[in-house]
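Undergrad: Between the sequences and the hints, there should be enough to build the whole structure, so can you do that?
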Amino acid sequence: MIYMTYWFWVFAVPSLILFYIAPVGRAKKAALVLSSIIFHTHFAGPAGVVPIVILGIFTYFSALSGRSVLIKTAMLSNVFALIFYKYTFFFFEHTLRPLFPEFFSSGSSGLWWQSIVPPLAISFFSFEFIHYLYDVLKGSRPLKNWWDFSLFAIFWPSIVAGPVKRYQSFVDELHQAIGRRLLPGDAYLGAVRIASGYFKKIVADNLTMYILAKEQLFLELPFLTRWIILFLIAMRIYLDFSGYTDMALGFAKLMGIKLPENFNWPYVSKNLVEFWRRWHMSLSLWIRDYVYIPLGGSRHGLARKIFSGLLAFFICGLWHGAAWNFAIWGVIHGLGIAICGNYRKISFLKPVGALMDRAPFLAWLVTFLFVCFSWLYFFYPAETAFRMMKALVSL
Amino acid sequence: MSVLRSRKGLAALLVGFLFGLAAVSLAGRYFAKHSFYKDFTRFHLFLSPESLFFPTASNLRQIVLENSTEEQIIVIIGGSSISHGVGQGSGELWTKHLQNLLGSDFKVFNFALRGGAPTEFSLVAAEALLKQGRKVLYAFDSAPYFSGNPSRLRNQYAYWDAYYKNMLLDYPVRDEFYAQHERRLGQSEDSSFFEELLERKIAFKLDSLLYFTDLWTGIGYTQFFTVWSNLFSGDIKSSLLARKNFADDDAVGVSMLEKMSDQVDDRSSIDLKLVVGRGGHFCEFDQVRSTSRPLVESVDENFKNLPAFFPPLMREISLAFIPYESPFFFKQLTPEQKKCYQVTYEMGKAGYEKHGITSRVVDETGFTANDYGDRVHFVGSGGRKFALIYAEALKKKAMERWGWKE
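Top to bottom, those sequences are chains A and B.
Each residue of the first sequence is one higher than the one before, counting from 769 in this note's numbering.
Each residue of the second sequence is one higher than the one before, counting from 22 in this note's numbering.
Keep in mind the hints are simulated off the structure, nothing from the lab.
Every value quoted in this text rests on a predicted model; they were computed, and no experiment measured them.
Just so you know, even glycine gets a beta-carbon here, dropped at the ideal spot from N, CA and C.
It is possible that some hints are incorrect.
Within a straight-line C-alpha distance of at most 20 Å, the following computed DMTMM-like cross-link-like pairs (lysine to aspartate or glutamate) qualify [claimed, not checked]:
hint : chain 1 : residue 1 : chain 2 : residue 2
1    : B       : Lys29     : A       : Asp954
2    : A       : Lys982    : B       : Asp256
3    : B       : Lys352    : B       : Glu322
Only part of the chain B face toward chain A is listed, based on derived beta-carbon distances under 8 Å [as the list claims (entries may be wrong)]:
hint : residue
4    : Arg28
5    : Ser213
6    : Leu218
7    : Glu220
8    : Ile223
9    : Ala224
10   : Leu227
11   : Val248
12   : Trp249
13   : Asn251
Covered by chain B, per the in silico footprint, the following chain A stretches (three or more residues, Cβ under 8 Å) [said to hold, decoys possible]:
hint : segment
14   : 928-939
15   : 954-966
TA: The structure is reproduced here in structure tokens:
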């Protein structure tokens, strides 16, 4: 929503002008730091900024020290911060309370975890900091310049909805951008991308209103309408999220900085592995590099590979939101990937694999329907999603 | 493509963008200076914020300016769904009767909205016309208490629209009130109202330069609409149609008694509680001991913000009407409850009059249960009686103010 506010435009236009008129070099960087601080402070508020600043300082100095213990401690601190801010309420209210109702019977309000407010974009901050620390631990050079690190952390176009950046490529892009005047091509591409993002977002917002009005009556709707709603739900999330990404990439491009792509026509995918190469790419690559591969990846046999994949997708699901339906959504995709990534190796699934290879349209249809059905678990509580799925397959 | 990626291309793109911006801004200004509403009677459902259509302050002003003469006394009807005429089809709308009763020296404009308040949308229109030097009377229905919190007003956007376009009277008291209100919101734990206010102010400040709200309202009325609303149910095509295509289709009112036939439905018992509750705003009512005590101090407290909404000049031309609810319910009250109810309404009147606004309680005299479509809204017959009361007061006000003679 932030890009759709008037405040944002009042902020963005002067920020871009300031960036353009600032002399090449440090002044440009200073202009960018200033605008990013204003942006972050305005939307996160002081209570949201402080935890990020503390985490950022700890991350920066730990990496700079080069000491493995400190870097690992900083990584754990980021993981802890993410869990604390985003999942404590979920853990107590949606996990422990249903399991031990008698333990919580003394009171249902005023408990300390109920007042935890996650800082804006904590999921993005912690993932980017963990990536940075992990790469430094594995031998990449840490950022010595504090301002480079600050901009990697709070570069305003990517704060709210990503993409999840990699510091090496971001800092390269940053240095190029502040070392030259804006390239006409970048301005053109940025403007087109922003326009595309706004168009998608307006369509998505209309779809949202339509879906919100219809979803309450979903079970009573005619059969065909239920299916139309399902496809609209799929289109809505794509247009909404990729619209945001387009805007983020567009604004960055207006400053000459190329951010990683997040979407590449995901709904044309012919299998789930391909889908995740096209959907929220910066996150799926992060999960691959910092969860799946460290867990063993495909190096320790099929069972371990499937387990690592499921765990990675479970985390991926919970990353999107602190609720069980997100976890289920992640596990569904993990299972799907486990099947479609391995059916050529499992004897009784080989005919399915062969059929999918011979009939690309069928492969696309199965993949698309799988993704659409799974969105129900993304948007609705598990029981509701299940009832909606049942309604979709019963006349 | 490659041309656009050259320096000349970039310059052309920038110039084109600025020209485009200037062009749409000029188009917006055009819509702000010309009324595009055909055969306007009221801002019905499809011309109201309820359906995500936001008539601008300029629209309100232009509707009046283009449909009245300099000599006519303009009567702006404001307030809630009661004045809007919910329960009356457009053909039997009470303001049409009011126009007939007042004659051609007056021109009546019904700017009341469903869920509206006398302190927002319609007030803005009246004040903007007053600033233009027109002879204006502002008549509105009101509950017996005052809606004095700007954050609770549903159509407050019109105020900021008019404020930044310099359509309102200079009034430092109001400026200070809003500044204080903003400070209070800024210090509140719940920042949502503050953010909403900040957004609205930025939006209309920008709009005063670019006129995008007038442009989109104009396009939305005359050409096509771009925002889906759940009023259209599943009909996506209708939601994209220009709003000029939608008629004021409020059905001809049927009285509540006819709707209920001879059995009292569940709704009526809920409504009865609401009617009793009205008394609760101004008098302490003890249902167990069946006693009531007027809370005299609360009038001052409740109406304390009125001067911030109504500049002195506006108070001089305003008339507040505080209508009772349907006699069907009033008759069911105990004598103690009736007393409390009457006291409440008289205190509402006193609240307005304390600040110099002519006020009248429209009690049950002359009205029957058949005049109401529900607890508060009139059907055609009730509307005609309501119009008579308004006409009498408006004529009197016109005589006092401008020496108007029948």
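Undergrad: Does each hint hold? Answer for all of them.
TA: Going through the hints against the structure:
no.: 1; hint: Lys29/B to Asp954/A; in the structure: 14 Å, holds
no.: 2; hint: Lys982/A to Asp256/B; in the structure: 12 Å, holds
no.: 3; hint: Lys352/B to Glu322/B; in the structure: 30 Å, violated
no.: 4; hint: Arg28; in the structure: 5 Å, holds
no.: 5; hint: Ser213; in the structure: 12 Å, violated
no.: 6; hint: Leu218; in the structure: 11 Å, violated
no.: 7; hint: Glu220; in the structure: 6 Å, holds
no.: 8; hint: Ile223; in the structure: 4 Å, holds
no.: 9; hint: Ala224; in the structure: 5 Å, holds
no.: 10; hint: Leu227; in the structure: 6 Å, holds
no.: 11; hint: Val248; in the structure: 6 Å, holds
no.: 12; hint: Trp249; in the structure: 5 Å, holds
no.: 13; hint: Asn251; in the structure: 4 Å, holds
no.: 14; hint: 928-939; in the structure: violated (count 0)
no.: 15; hint: 954-966; in the structure: holds (count 3)
In this structure, the hints that do not hold are numbers 3, 5, 6 and 14, in rising order.
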